[in-house]
Amino acid sequence: MAAMLKPPGNFSVTPHKVSVCIVLQIYAPPAQITLPFPFPFSSIAQHNRLGMFLLALTKSCDDIFEPKLDELITQLREIGGELDHWLSDHLTCRLSSLSSPDDLFNFFSDLRGILAGPDSGVVVDDQIILDSNSNLGVFLRRCILAFNLLSFEGVCHLLTNIGTYCKEALSSCPTYELPHLDDSSNEVEALLVYENMDLENFVFDKVTEETEARKMASEKVSFHIHAPKALFGLIEDIEVSAELKFKHREKTGEASSFAHHMKDTLRGIDPNGGIFLRTNWQIQGYLCEQADAIEKHSCSFPLNAFESILRQLQKLAPELHRVHFLRYLNNLYHNDYPASLENLHCYFDYSAGAEGFDFVQPTSSASNSFGRYEIALLCLGMMHFHFGHPKQALEVLTEAVRVSQQQSNDTCLAYTLAAICNLLSAIGISSTTEILGSSYGPVTSIGTSLSIQQQLFVLLRRSLKRADGLKLKRLVASNRLAMAKFGLTHVQRPLLSFGPKASMKLKTCPVNVCKELRLSSHLISEFSTESSIMITDGVFSTAWLKNLQKPMGSLVLSLENASGANSNAFHFCAQPNSIPGSVLQLLGSSYLLRATAWEIYGSAPLARINALVYATCFSNASSSADVALAYTKLIQHLAVFKGHREAFAALKLVEEKFCSISKSRILLLKLQLLHERALHLGHLKLAQQVCDELGVLASSVTGVDMELKTEASLRHARTLLAANQFGQAAAVAHSLFCMCYKFNLQVENATVLLLLAEIHKKSGNAVLGLPYALASLSFCQSFNLDLLKASATLTLAELWLSLGSNHAERASILVQGALPMILGHGGLELRSRAYIAEAKCYLSNPSFSVFENSEVVLDPLRQATEELEILEYHELAAEAFYLIAMVFDKLGQLEEREEAAASFMKHVKALENPQNEQDPLFNIH
Amino acid sequence: MSSKDSCRNELRFAIRQLSDRCLYSAAKWAAEQLVGIEQDPAKFTPSHTRFQRGSSSIRRRFRTNEIASTPTAGVSYVSTPVLEEDEAVDGDFYLLAKSYFDCREYRRTAHVLRDQTGKKAVFLRCYALYLAGEKRKEEEMIELEGPLGKSDAVNHELVSLERELSTLRKNGTVDPFGLYLYGLVLKEKGSENLARTVLVESVNSYPWNWNAWTELQSLCTTIDILNSLNLNNHWMKDFFLASVYQELRMHNESLGKYEYLQGTFSFSNYIQAQIAKAQYSLREFEQVEIIFDELLRNDPYRVEDMDMYSNVLYAKECFSALSYLAHRVFLTDKYRPESCCIIGNYYSLKGQHEKSVVYFRRALKLNKNYLSAWTLMGHEYVEMKNTPAAVDAYRRAVDINPCDYRAWYGLGQAYEMMFMPYYALHYFRKSVFLQPNDSRLWIAMAQCYETDQLQMLEDAIKCYKRAANCNDTEAIALHQLAKLSKELKRSEEAAFYYKKDLERMEAEEREGPNMVEALLFLATYYKSQKRFEEAEIYCTRLLDYTGPEKETAKSLLRGMRKAQSGFPSMDIEHLPP
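For the record, the sequence lines run as chains H and A.
By full-length UniProt numbering, the letter at position 762 of the first sequence is numbered 762, and the numbering carries on one by one without gaps.
By full-length UniProt numbering, the letter at position 446 of the second sequence is numbered 446, and the numbering carries on one by one without gaps.
Everything hinted at is true.
Label-pair restraints from in silico Cβ distances: (1) H:T411 with A:D399: 21 to 31 angstroms; (2) H:S408 with A:R283: 37 to 47 angstroms; (3) A:R104 with H:F152: 16 to 26 angstroms; (4) A:E383 with H:C738: 49 to 59 angstroms; (5) H:C738 with A:R510: 55 to 65 angstroms; (6) H:S99 with A:R107: 17 to 27 angstroms; (7) H:R461 with A:T473: 48 to 58 angstroms; (8) H:D103 with A:D399: 35 to 45 angstroms; (9) H:S408 with A:C403: 36 to 46 angstroms; (10) A:L96 with H:F152: 25 to 35 angstroms; (11) A:D102 with H:F152: 27 to 37 angstroms.
Below, computed lysine-lysine pairings styled on DSS-like, alpha-carbon distance capped at 30 angstroms: (12) H:K167 with A:K135; (13) H:K391 with A:K489; (14) A:K137 with H:K167; (15) A:K483 with H:K391; (16) H:K391 with A:K465.
Calculated directly from the structure, the hints in this document are not laboratory data.
On a predicted model such as this, the values are computed, not experimentally measured, just so you know.
Beta carbons: idealized from backbone N, C-alpha and C, even for Gly.
Starting from the given sequences, assemble the full structure and let the hints guide the process.
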C-alpha cells in the first residue's frame, strides 16, 4: 500500500556514511578552513586510489549491510600505503570526537565546504574541489540533505549509533559476545534459533532418502550414485553447526570463533549491533547480482544461506518487495514448487509488477493505473514451463497475451509470444486440440487447419516482427535463435493450401539457419542502447572492492566456502566486463546452437570448434547448465573419435566441475557413455540397467522431456538388438517411431528408421530392411542430415550385400559414394564399419580375385581393426579379424592367418564372457 | 464443575492479587467473570441483581440443550491453592512504585524497586521495565521508520529481563507472575517452545491470570500443539480451550465449550460476545444480532467486538442501526480501531467509499496489524475500482494471517476483475481450502472457471457441486449446475438438477425466471423421454405464466396429445360419427 507509507526518503545518514564523509574530507580538504592536519598524500596515484576506493564504497553491491568500522579500517589499511595508520587513526579520532548533537551539526556544515559552489570561478591553485555533480559530490550532497531533514530524535539516534559503531570496532576482539555465552539456557536457545535457521534438515533428509532409495534399487550398480557436490555442500553446512555444538559443550576458549560465526549469520538479530542497510540503489544492485548468480548456478546456489539473508532483508525493509522475487527465483531453481508459487504471487501482489530501481511510485499514480499484472502472468507461465506443466503454462501465457493486449503493453506481449514459442518448441504437442483450448487466441486466430508446427512458425515470425518493431534487441536476438532452432528441424511448407502450387522442395534450409544465427550475433554491436550503466557500474565497484578484500574473507567469500569444494570452479564475480552478462549469454547460446546445428548436419569439426569457442569464451557469463551442455558435446566428440577411455577421463574432470544433481546433462552423458561401452563390450545386463536408469530420468508427463524419452527407448531397442531379441527390438523401435511421428520429431525419425533397418539386417531379413533404410535415407535428405545419410547409405549397402553376391556391385558403388563423407566426418565406429563393408564388397564380388589384389582388401580391414581396438568393440573387431584370417588363409600365409585367428578368438571370448573383465571404467565411482 | 461459590471466592481473591501486581487487564477480565456468575437470589437484594437483568432472556432463547447445567461425568477439577502472599503488608517502596506505575511512569517504578527482593517487588520491577521498553519501542518505530518501511526497533529491555528471569527460574525463586512475564519475553524473542513451557508452568500454578492464557493461546497455532500442552484441569482451562478452538476455526467445539461455561457464568458479557463471534463465523447473523442487542443494553459503553456487530448490521443493510452504533462508539472512544472500523463500515454501506477508506486507514494507523481493517479496506478499493490498491491491502491481510479466507477471496475477486481468471484461481483455491464449507467461495471459483476466457466447464461443475453440498442459501449453484449440464448436452443430469432446483424454489416459495426455465426444460425433457404424464404436469404449470413460454407450453401440450392419441385418434377422426 504505497499510500500507507511515509514519503520515501530513501537515503538516510548512518555511521558508515559519516565515516565515508570523513574520509571524503581528507580526500578533498576544504580550502577556507585550515584543517588540523596537513595534506597527507605523497603521490597522485595514492590520492587517486583513495578516490577510487570512496567511489567503490558508494557503489559496490556485494552485501546488503554497510560494513562495520573495523572492516572499513582494514580496507583503508589496504589502500593507504604508507599512511595506513594515519588514515584509520584520523577516522576513529574524528568519529569519537562526535559526542554531542552540536558536533554533528558542525561536522555537516563543514562538509559543505568541500563542495564547489555554483560560482566557483575563483579556484585556488592545487585545491581539490569536488564537483557537486560528480558521483562523490552527489553522494555528499545527499548525505548533507538527509542530515538536514533529520528530526532531533533522528540526530540523537545517529549519535547513539555512531557510539556503538565505534565501540564495536574498538572491541572487535574475540571477547565480543562472550557475556552472552555465560548463560547456558540462553545459549541453548540461541542454538535452537541457529538450528532453525540454518540447518538444511529438510533438504538433507530428502536427499538421504533419495540416496538410500537408489542404493536399494540397484545394489550392484552403484556406479552412478553421485552424492552430488551440492549435497556435500549441504552436509558441510550441517557439520558447521554440529561443530559449533561441540565447541559449546567443550566450553573452551574457542568460543570466539563461534562468536564470529554468529556474528555473520545472526547479525540482523542482534539488537544492538547497529546494522544498517546500504542505499536502496546498492541493495537493488545486490539483488540483481544474486538473481544472476541464481540463474547461472541453479541448484548449486546455496539455498538456505541466501534465504536467511533475504529473511533479514525483509525484516529490515519490508517495503522492498523485490525480496519476494528473489525468494521465488531461489525456490524455482531449487525446484520447490509450492514455495515458488507462493512467493511469485506475493511479489506481484505487492509490487503490481511496477517496482524498479530507485523508483518509488508516487501515491497517485498507483491508484490510477492498472498495474502491470500481465508481467505476473508471464512469469507464472514461465514458472509452469520450468516445472514441466505445459498445459498450465499455456493457459497462463494465453491469459498473459490477452491481458497485455488489453493493457496495450507491447513489450510484455512480445516477450509473452516469445515465451509461447519457447514452450511450443520445447514440449512435444501431438495435437492442437488436446492442449490448446478454444480460448487459445493467438493461435486459433490463424486458423485451426494449420498443424502445430505451422502455427509455431507463424508465431515465431510474428514475435520476431513485434520485437523488431519495438527495438528490443535482446529479444530480437533470442527470437532469431528460436527461428534458427526451428529451421534446423522443420521443413517449411506453404501456409496456404490453395492457389497455384509452386514447386516446393521439401527440405530444411541450412542457409536460413545460418542467416538467423549470424543475424542474432549482431547483438554484440547493438546492445548499448538498452543496457543500463547502473548495473555494470555496481558490478565493477564490487569487483574492485573484492580484489581488495580477497585475503580478508568477506561475507561473499564465506558463502562460497559454504557451498563446498566445487566453489572455486565458479567465480562469483568475473572480471569486470563492459558487455552485460545477458548479452554475452545470448551470444554464447548462438555458438552453442551453431555447434548443435553442425552436429545435426554432420560436420564434426565445425561442431567441435563451436563448442570449444563457447566453452572458452562464454563459460563465465552463461548458466552452468549451458556450459555443461558444451562440455557434453566436446566429450561426446571425444568418445566418438578417440574412444571411451579418453572420454571417461575427460568426464571425470568435468564432473569435478559440475555438481550432478539428477537430470543434469552430465549425468545423462555419463549414462550414455556407459551404455555405449557396455554394448561394445557385450555387458548386456549392465547396458539394460543403464538404459532403465536413463528412462527414469524423464518426467512422466506426456510431451515433457521428449529428448530424454526418445534417447532412452532408442537405447533400449539397441540393447535388445545386441541381445539378438529382434522381435522385441523391432517392437520397441516401432513404438518409438510412432511417438516421434506423433510429436513431429523428424530428425529422430530418421535415426529410428535406420535402427529398424539395422534390426532387420541383423535378423537376416534384408528384404524387410531395405524399405526402412530407403525411408531413412529420404528423411536424411530432406533434413540435410549428411552424416546420418552416409551412415544410412552404408546400411543400405550392407543390406544389398546380404542379399547375395550378385548385388555386390551395387553395394560397392553405394559404399564408395558414402566414403568421402564417412572418412571426413565419421567417428571410429562408422569408419570401421565402412572399411569392413568395403572389404566385404570386394570379397563377395565374384569377379574379384584375392590373389591379384590382396592389399585392396587387407588394408581397409587392418584400418578397421586398429580403430575397433581403440573402441573395444568386440563384435565388429571379431568380424574384421575373421575376414583377415580368411583372406590370409586364401593367400596361404599361415603365420599371419594364425595371428589373425588368435585375435579373433580373443575378441569372441571377451564378448562371450564379459564378466571376466575387470573394467576400471565401470567402477569409477 | 466446582461450585459457583468457590469460583466466586477464587476470582475475588485473584482480582485483588492481579491488580496488586498492576496486571490490570487480567484483573478486569476476572472481575467481569466474577460478576457473570449467577447470584443466589435469596441472598441478595434486588440492587445486586439489577446488573444482571436482561441477560436471562438470551439464555432462554439460545439454550438449545441443557448441557450447561449437567456437568460432564468424570470431569473433576483440580483445586489450585490460592497463592500465599509472601509479605502480608506491602512495603512503603512498593506502594510508591505502584503509584508511579499507575501514573505510567514505568522507569521510575523500576528505579524505586531496584533493591527490593520480594517476589512481588521483583515482578513489578521487571514488568515495569518491560512496559518501559515496549513504550520506547513504539516511539522508536515511528522515529526510525526507514525508507523501506519499518525499522528494526526492538524492546531493549528484553535481553536483561530474559537473563534475570531465567536465573530466577533456575533458582526456583520465581512466582507464576514472573513466569508469565518470562514467557512474554521469550515469545517476543522468538523462542516459542520454551515460551510455551514457561507459560504452561505459570497457568498451572496460577490459573486466574487470563493474560497468561491469552499469550499461550497465541502460541497454539495448530491442534497438535494444543494437544501436546500439559495443562491442569482447572475451570479456567475451559475458557482457554474455547478461545483456542475459535482461533483454530473449530467453531462448533468452541460454541459447545462456551455454552457449557454459561452454566456457571450465565451473565458473563465476555462469554456472550464470544458466542456471538462463533455464531458469526458460522454465519448465523440473526442470532448474532440478538446477542449484541442484549449485550449493548447491559453494557452500553462496550467497544470491544462491536466491529463484528457492525459487520452483521452491514450484511443485513440496517442503515439506521449501524449509524446509531457508529455514533455511540464514536462518543465512547473515537480512537479505538474498532470505532474507526464501525464508522468505515457505515460509510461503505452508504456507498461513500473514499470516506470509508479514510476511517479504515485510521484504524490501521492505530493498529497496523488489525486484520479485518485491511480486508475491509480491500473491499472498499474493489468498490472504487482501484484494484492494485485492493490487491495490496488484501495481501497485507493475508501476510498478517494466512488463514484469512476473506482476504484470499478478495484477492481472487480483484484479479478476476482485471480479467485474469486463471491467475485468480490460485487465490480462490486458497480460500476454499481454508473455508471449504462456504458455498459463496465455491460459487465464485466456479464462476471463474466459467468465464469466457477459460471455459473450463467441467471444473466449474465440480465447484458448483461442492457449493450445492454446503448449504447454498442463494441457490445459485443448483441453477448453474442445471444450466451447465444442459449446455453440455447432459440432459439427464440437467433434469435432475432442474428438478432439485424446482423443489427448492417451491419450498422457499420463490418465483421468477429460473422457475420458468426449469419448468420449460423439464417439460421438454420428459416429452423427449416419452414420459408424457410428467411432461404434462410441467406444461400445465407453465400455463400459469405469461410470455412466450406459455405459448411453447401450449404447443408442447398439443404435440403430446397428438402423439399420445396417435393412431387411434386418427381412426376416430376417420370414422363417421
